[in-house]
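Could you build all of it, start to finish, from the sequences and the hints given here?
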Amino acid sequence: MTNEQKDTQGYEAFLKANEGRSLSKFEYLYMVMRTNAISNDFYLFFSKLFHPTIVVKGGGYFIEENFDSDRYQECIAQGQTGSEIASWLNLVEITAFFEDMSYEEAGAFSNVVSDCWNATLAREFPESGFISKVLFEEELGEVYVTLCSA
Amino acid sequence: MLSRSLGQDPTDSVELSCTRCGHFLSAPNVSFDDWAEQLIFCFRRSFSKERTTDETGISLTVGHYDSRGNYSPTPGPCIPLPPRNPERHAPPPVPYNGDFYSQPKRTIERETPTSTCHIGLKFIWDNGEGLGCDLPCVLTPASGEPIRTRLDEYSRFVGSIPDGPYQAQMLGDVDTEERVVRSRAEVQAALEAILDAERAEAAALQAVQDERGFVANAFYTYLAIGKGALYAAWGLVKSLKEYGDLINPVTYFSNVIVAAWNANASDGTGWITSFQNSFSAEQHRELIEAFGFDPSKINREQVAEAYELACFIAEDGPSKEMLARFVADYALAQNYEEVAEFGGGAVFEIVFAALLVLFTGGVGVVASARLLPLVQRLGQRLRGLGQSLRNARIKKAGRADGKGAGAQIVEVERPKQITPEPVTRQDVEAAFQKSKKARNAPPKPLVDEPHSIVERPGREGQYTTHYGDGTYKQYRGSGKEHGGIPRPNVKFNQLNVSPSGKNYPGGPQVRAVKPEEFPK
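Order-wise, the sequence lines are chains A and B. Each residue of the first sequence is one higher than the one before, starting from 1 at the first, in the numbering used here. Each residue of the second sequence is one higher than the one before, starting from 1001 at the first, in the numbering used here.
Hints are supplied without guarantee of correctness; some may be wrong.
As the list claims (entries may be wrong) - Derived BS3-like pairs (lysine-lysine); straight-line CA-CA distance at most 30 Å:
1. A:48 / A:25
2. B:1473 / A:48
3. B:1396 / B:1320
4. A:133 / A:48
5. B:1395 / B:1122
6. B:1297 / B:1416
7. B:1416 / B:1396
8. B:1502 / A:133
9. B:1403 / A:48
10. B:1122 / B:1416
11. A:133 / B:1514
12. B:1320 / B:1473
13. B:1473 / A:57
14. B:1502 / B:1473
15. A:57 / B:1514
16. A:133 / A:57
17. B:1473 / B:1514
18. B:1297 / B:1320
Said to hold, decoys possible - Non-contacting residues of chain B with respect to chain A, defined by C-beta distances greater than 12 Å in every case (computed):
19. 1103
20. 1263
21. 1272
22. 1510
Quick caveat, the hints were computed from the structure, so don't treat them as lab data. All figures in this text were calculated on a predicted structure; none of them were measured in a lab. All residues carry an ideal CB built from backbone N, CA and C; glycine is no exception.
See the structure below:
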């Protein structure tokens, strides 16, 4: 975004609307939450993107917030192993979440998410043998984060 | 059956009788042609099936042949043909004078006036450049028929016409205004096709945005169309190289082409030659490569042609208004918040981008396959519009009145120059984000009913099945294994329901391919 093309709903626009007063970034969050009807669930789940709940099931480690029991049963029926199933079910496409993020920005953002997942995994399951990875689909312009067998 | 008095002059009194059909014609002043035609008519009729009654005495009449030789089962009447041109007669031949080499002049019906008035006309643009070779021109002398001619290689007409005043009109027989109107309509249709494609994609995204609310939408970038944004939005710019203002190939190109357009062509060379002299092959290569194309596929003349067409289009009010509306609509379809002020630079951007794709076939660019043919079609239509406007200008100003022998130069005003907007790295990056988004999505559905689109055939290829409700399934065969998701795989989504009861296509998921999903 260029200097001339300000985000009309962003932090700078917020400061400008307040005539240059010193207002913190959390004050901006407060403004957004007060002026928009957004469920608390949204904020909670958004924070889980960086600090997910990891559960163990059938020998695989899964991101609980991204778990789909129907798909899990389908994979079991197809004869996939726990670690194979985990690598598919844990996939989160960052470029789908943030469609207007550039490929490079999505890559940088995914690295942050992946680091958070690895930190959570190391803290809660240090012997899991799983790691978080960033997967780049350059041809398709897609970036994913997943939790899979190391 | 048919008798003629032998020894008589055929142009004099002729007795014609047709005993078979009972027709008897006695014409005192029948020409030979009329007599022959009547003869053929009666001869054909004599070959009708009623002829057999002569030999057998039994009437077998079942039909007749008409004057064209077509058979009809109904017996037809014998109707004498009326004589043709009874008033006109060939002039009596002059008796041979015995000298083969000194025959009298043949008499013709219309006398051609003697051309004794020598004139010279030269049609040029206001920079001194000729309008062009072989352009049609109509010269209308006060006395005599209009003379249709063409300009020579020096954009001139030199010749003789009947004495007296005359009027010269370039493209006198061409309805240039009608062609302009038609070309505008064709461009409008091509622009609408692009907008429809973008709106369809945006509609699918909007459903997601509506659910996403303010916070997630705050991540949206707002960028202005213009200043190279369209190049990148259509995937035409691949280079993210950091260019300083002085070495930016687009900046340099802009400076050179404007200078060449305004240069005086008094030395006889065209403005394109002046442009080529100042814009080296190396600079051309850098410019075209910055747009992601193979420089061998588009030459400097074609780049100059794009500029010239854009200049003509930018000075045409309705065309400029149409393109400005397109840019605004395109920005709306893309959810852009701002639209840059629409100027000549934006006109050039549209024309140049479309012609780049047209000339090169779009090979090498990252624009979606869905949009490429539409942009190509736009290129064709814009080319036609630019040429129609050029012709309309030539016809409007390319006229001259002369009083007799002499030479004159007719000057036609060219459109003013437009300045192509330099493309900066920031503009390209901002727009590139949009093009990434476009690449991300599977190809848009072609109809509202379930159908499949084969992007690459075969087991290693790629295809997308749309289910008609916004959901899809994309099979991705081959691809880079290293660092990516195992191939082949399937990306899909499902239809969900929001708390407000509204259906929307859910987020994408990726899984392994089921055996029945492999292409056969």
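Here is how each hint holds up against the structure:
1. A:48 / A:25: 20 Å, holds
2. B:1473 / A:48: 28 Å, holds
3. B:1396 / B:1320: Status holds; Cα separation ~20 Å.
4. A:133 / A:48: Status holds; Cα separation ~17 Å.
5. B:1395 / B:1122: 14 Å, holds
6. B:1297 / B:1416: OK: residue 1297 (chain B) and residue 1416 (chain B) at ~29 Å, within 30 Å.
7. B:1416 / B:1396: Given pair residue 1416 (chain B), residue 1396 (chain B) holds - Cα atoms ~17 Å apart, limit 30 Å.
8. B:1502 / A:133: Violated, because 35 Å separates the two Cα atoms, which is more than 30 Å.
9. B:1403 / A:48: 90 Å, violated
10. B:1122 / B:1416: Satisfied, since the Cα-Cα distance of roughly 22 Å is no more than 30 Å.
11. A:133 / B:1514: Judged against 30 Å, a Cα distance of about 24 Å means the pair holds.
12. B:1320 / B:1473: 41 Å, violated
13. B:1473 / A:57: Satisfied, since the Cα-Cα distance of roughly 27 Å is no more than 30 Å.
14. B:1502 / B:1473: It holds: about 21 Å lies between the C-alpha atoms, which stays within 30 Å.
15. A:57 / B:1514: 23 Å, holds
16. A:133 / A:57: Holds: residue 133 (chain A) and residue 57 (chain A) sit about 20 Å apart, inside 30 Å.
17. B:1473 / B:1514: 12 Å, holds
18. B:1297 / B:1320: OK: residue 1297 (chain B) and residue 1320 (chain B) at ~29 Å, within 30 Å.
19. 1103: 85 Å, holds
20. 1263: Holds, because the least Cβ-Cβ distance between residue 1263 (chain B) and chain A comes to about 34 Å, which exceeds 12 Å.
21. 1272: Holds, because the least Cβ-Cβ distance between residue 1272 (chain B) and chain A comes to about 34 Å, which exceeds 12 Å.
22. 1510: Check fails; 5 Å does not lie beyond 12 Å.
Hints 8, 9, 12 and 22 from the list above are not met by this structure, while the remaining hints are.
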